[in-house]
Structures are given as C-alpha cells and as structure tokens.
Amino acid sequence: MKKPQKRQALGRGLEALLGDKPTPEVLAQATLIPIAKIKPNPYQPRSHFDKDGLMALTASIRRDGVLMPVLIRPQGDGYELIAGERRWRAAQAAKLKEIPAVVRHVDNLQALELAIVENEQRNDLTAIESARAYRRLMDEFHYTQQQVADSVGASRTQVANLIRLLQLPDAIQQMVEQRKLSMGQVRPLVGLDNQVAMKLALLCLEKGWSARQMEREAKRAATTQKTTGKKCKEVEVMALEEELTRTIGTPVSLLKKKDGSGTLTLHFQNKQDLYNLLKRLR
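Quick note on our numbering: the sequence shown kicks off at 512 and runs consecutively.
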C-alpha cells in the first residue's frame, strides 16, 4: 500500500490565495487567462452551488470584475481549477472572456487538499460533501483518519463522525446536501434500520425537531428495534424506495400491504419543492 505523503503547511502564499480578499502579493502573481482554457476541478468536493448566490456574484462581477484571482494548475494544453470555481462559473455567466488567475504546480493530492480547505474556510461544504472528500483522501491517497484530520485542520473524532454519515440511506444524505437537515440532526440516525431512519428524518423535517430532539427519538427507536425484534421492510421495497428517491429527486415512502396493495408517498417541504416535483412528473 502506498504510504501517504506527509502534509506540509500551506504557507502564507497559498493561504492568501484561498482567502476572500486579494493581497498586493496575490495580485502581483495574477495573470489574465482565457476562461475557455480552464477546466473545473475533478477533485472539487462541493456538489451543489446555490443559484441565488451565483446570480448575485455574477451581477457583482459584471459591475466590478473578478477581484480575487482564481487558483489554477497547468493541465494538458490548458489549465485546471484548484480553487475559485464559484468565481469561474459566475465569470462565464457574466460573459467574460478572461479571468485573473494564479498558476501553481501542484499534484492531485494537493489539489484535493486545497479544494477542501478553501471550501471549509468559507463554510461552503455540507457535512456529506466533507465526508465524501475525507473518504476520497482515504481511498485514493491512503490517508488514515488522523492524517485527514491533520490535513484539513479538524479533530480525528470530527472526521470519524462525518465519515459515519455515509452509512445513511441516500435519501437522507440528499437532505443534508440540500441543507434541509444538519449533521447534528442526522448523526443519531446512523446505525438504525434504514426504514426507521427514513421515517425519523421525515418527521424531523415535518416537525422541525432540534438535534437534541432527534437524538431522543433515535434512542427510543433503537431501543424499540432491539427489544421487539420487529422485522424490517422487505429488501425489494427498500430498494424501490431508494431507486425512486434517486430518480424523482425527492424522498419517497412505499407501504406494501399483505394483500398486495399499498401506498406510494412523495414528500416535499415547500412550494418550490412541489413545483420541481410536478415538473419532473409531467
């Protein structure tokens, strides 16, 4: 097994490049690069970009230009983003042909680390996005949990708790990615039967439970599950729920009765969710 490289401190130069405000040193290193020659970062841990935030940034760039250079690395006959994807996307939307950029020669490991650090400095990542990024460091670069913690400036316990969230059903992970539920609200669901966890997640959304309330309900459910030995939902029904949730894009509950009949429930949280759901169904 390949031994992980020991992480070196970012240094003031790279830290400045990941900040929000350009320093004279950063601006002195920047050069205008054609936007068309820059590709997105395949190690970008962020999977969701807020549309309203991008629209506001696009308007700002149309008015004032790109104030903070993006960070890129040479790749093939062009470049690849390391940090600054929101600025890059907004600059494209603003119809700019060039964008100020600082070029650095970094490897894949450094590209992933820098992308994680940039997003977490801005609190842009959801708990699930952070967990997947940490898992990628472990799977692709053979990091231990402690090495991940050292790399991103977190505690090993925090890293371990985040990675455990990846055991949750896809539908619950999606709720976290959409910022409908927080890490504190879903963490007590880890280890519960998928059907029970899904019901509690939906109740949490409906009733607005706090993390502490969810913890109490999850403990109660775990005790009931252990003492009664209640049978779980049929595997094929759970698989159908997972498949429908991924396909439709909203949490789905399927209740099958003994006589073969049943009910299919589609869940939404607001008018916009309902509009998007109806649009997909039509």
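No wet-lab data here; the hints were simulated from the structure.
Backbone N, C-alpha and C define an ideal beta-carbon position, used for all residues, glycine too.
Just to be clear, a hint being listed does not mean it is correct.
Derived EDC-like pairs: lysine to aspartate or glutamate, alpha-carbon spacing no greater than 16 Å straight-line [stated by the list, open to error]: (1) Lys768 to Glu747; (2) Lys691 to Asp575; (3) Lys562 to Glu747; (4) Lys691 to Asp704; (5) Lys562 to Glu596; (6) Lys550 to Glu596; (7) Lys608 to Asp575; (8) Lys548 to Glu591; (9) Lys769 to Glu753; (10) Lys562 to Asp635; (11) Lys550 to Asp635; (12) Lys532 to Asp575; (13) Lys691 to Glu609; (14) Lys562 to Asp784; (15) Lys767 to Glu747; (16) Lys691 to Asp561; (17) Lys548 to Asp561; (18) Lys606 to Asp575.
What follows is a list of derived Cβ distance ranges for each label pair [said to hold, decoys possible]: (19) Leu714 to Gln783: 19 to 27 Å; (20) Ser571 to Ile759: 48 to 56 Å; (21) Asp650 to Ser571: 33 to 41 Å; (22) Asp618 to Gly771: 53 to 61 Å; (23) Leu777 to Arg667: 20 to 28 Å; (24) Gln678 to Arg573: 42 to 50 Å; (25) Gly664 to Lys608: 31 to 39 Å; (26) Arg646 to Glu609: 50 to 58 Å; (27) Asp563 to Asp770: 28 to 36 Å; (28) Lys730 to Ser693: 17 to 25 Å.
Each hint, compared with the structure:
1. Our distance criterion of 16 Å between C-alpha atoms is met by Lys768 and Glu747, whose separation comes to about 14 Å.
2. For the given pair, Lys691 sits about 33 Å from Asp575 by alpha-carbon distance, which is inconsistent with the 16 Å threshold.
3. A threshold of 16 Å between alpha carbons decides the hint, and for Lys562 with Glu747 the separation of about 36 Å lies outside it, so the pair is violated.
4. Restraint check: the Cα-Cα separation between Lys691 and Asp704 comes to about 21 Å, which exceeds 16 Å; the hinted pair is violated.
5. A C-alpha spacing of about 13 Å is found between Lys562 and Glu596, which places the hinted pair at or below 16 Å, so the restraint holds.
6. Distance restraint check for Lys550 and Glu596: the Cα-Cα separation of roughly 10 Å lies within the 16 Å cut-off, and the hinted pair is therefore satisfied.
7. Note on Lys608 and Asp575: the hinted pairing holds, with a Cα-Cα distance of about 15 Å set against a maximum of 16 Å.
8. About 8 Å separates the Cα atoms of Lys548 and Glu591, which keeps this hinted pair within 16 Å; it holds.
9. Distance check on the hinted pair: Lys769 and Glu753 sit about 21 Å apart at the alpha-carbon level, beyond 16 Å; violated.
10. For the hint linking Lys562 to Asp635, the alpha-carbon distance of about 13 Å falls within 16 Å, and the restraint holds.
11. With a C-alpha separation of about 21 Å, the suggested pair Lys550 and Asp635 falls outside the 16 Å cut-off, and the hint is violated.
12. Proposed proximity of Lys532 and Asp575 is supported: the alpha carbons are some 14 Å apart, at most 16 Å.
13. Taking the CA atoms of Lys691 and Glu609, the gap is near 36 Å; set against the 16 Å cutoff, the hint is violated.
14. With a CA separation close to 15 Å, the supplied pair Lys562 and Asp784 stays within the 16 Å bound.
15. Restraint check for Lys767 and Glu747: satisfied, since their Cα atoms lie roughly 11 Å apart, inside the 16 Å limit.
16. Of the pairs offered as hints, the one joining Lys691 and Asp561 holds, with about 14 Å between alpha carbons and a cut-off of 16 Å not exceeded.
17. Under the criterion of a C-alpha separation no larger than 16 Å, the hint pairing Lys548 with Asp561 is inconsistent with the structure, at around 24 Å.
18. Pair hint Lys606 plus Asp575 holds up; C-alpha atoms about 13 Å apart against a cutoff of 16 Å.
19. Against the hinted window of 19 to 27 Å, the Cβ-Cβ separation of Leu714 and Gln783 comes to about 21 Å, which satisfies the hint.
20. Between Ser571 and Ile759 the beta carbon distance is about 35 Å. The supplied range of 48 to 56 Å is therefore violated.
21. The hint said 33 to 41 Å for the Cβ distance between Asp650 and Ser571, and at roughly 37 Å that hint holds.
22. Between Asp618 and Gly771 the beta carbons are some 57 Å apart, a value that agrees with the proposed interval 53 to 61 Å.
23. Remark: the range hint 20 to 28 Å for Leu777 to Arg667 is contradicted by a beta-carbon distance near 40 Å.
24. Distance hint check: the CB atoms of Gln678 and Arg573 are about 44 Å apart, consistent with the given range 42 to 50 Å.
25. Between Gly664 and Lys608, the C-beta spacing of about 37 Å keeps the proposed range 31 to 39 Å intact.
26. Roughly 36 Å separates the CB atoms of Arg646 and Glu609, a value that falls outside the hinted 50 to 58 Å.
27. Range check, Asp563 to Asp770: about 48 Å between beta-carbon atoms, so the 28 to 36 Å window is missed.
28. Range check, Lys730 to Ser693: Cβ separation about 18 Å, and the 17 to 25 Å hint holds.
Checked against the numbered hints given earlier, the structure breaks hints 2, 3, 4, 9, 11, 13, 17, 20, 23, 26, 27 and satisfies all the rest.
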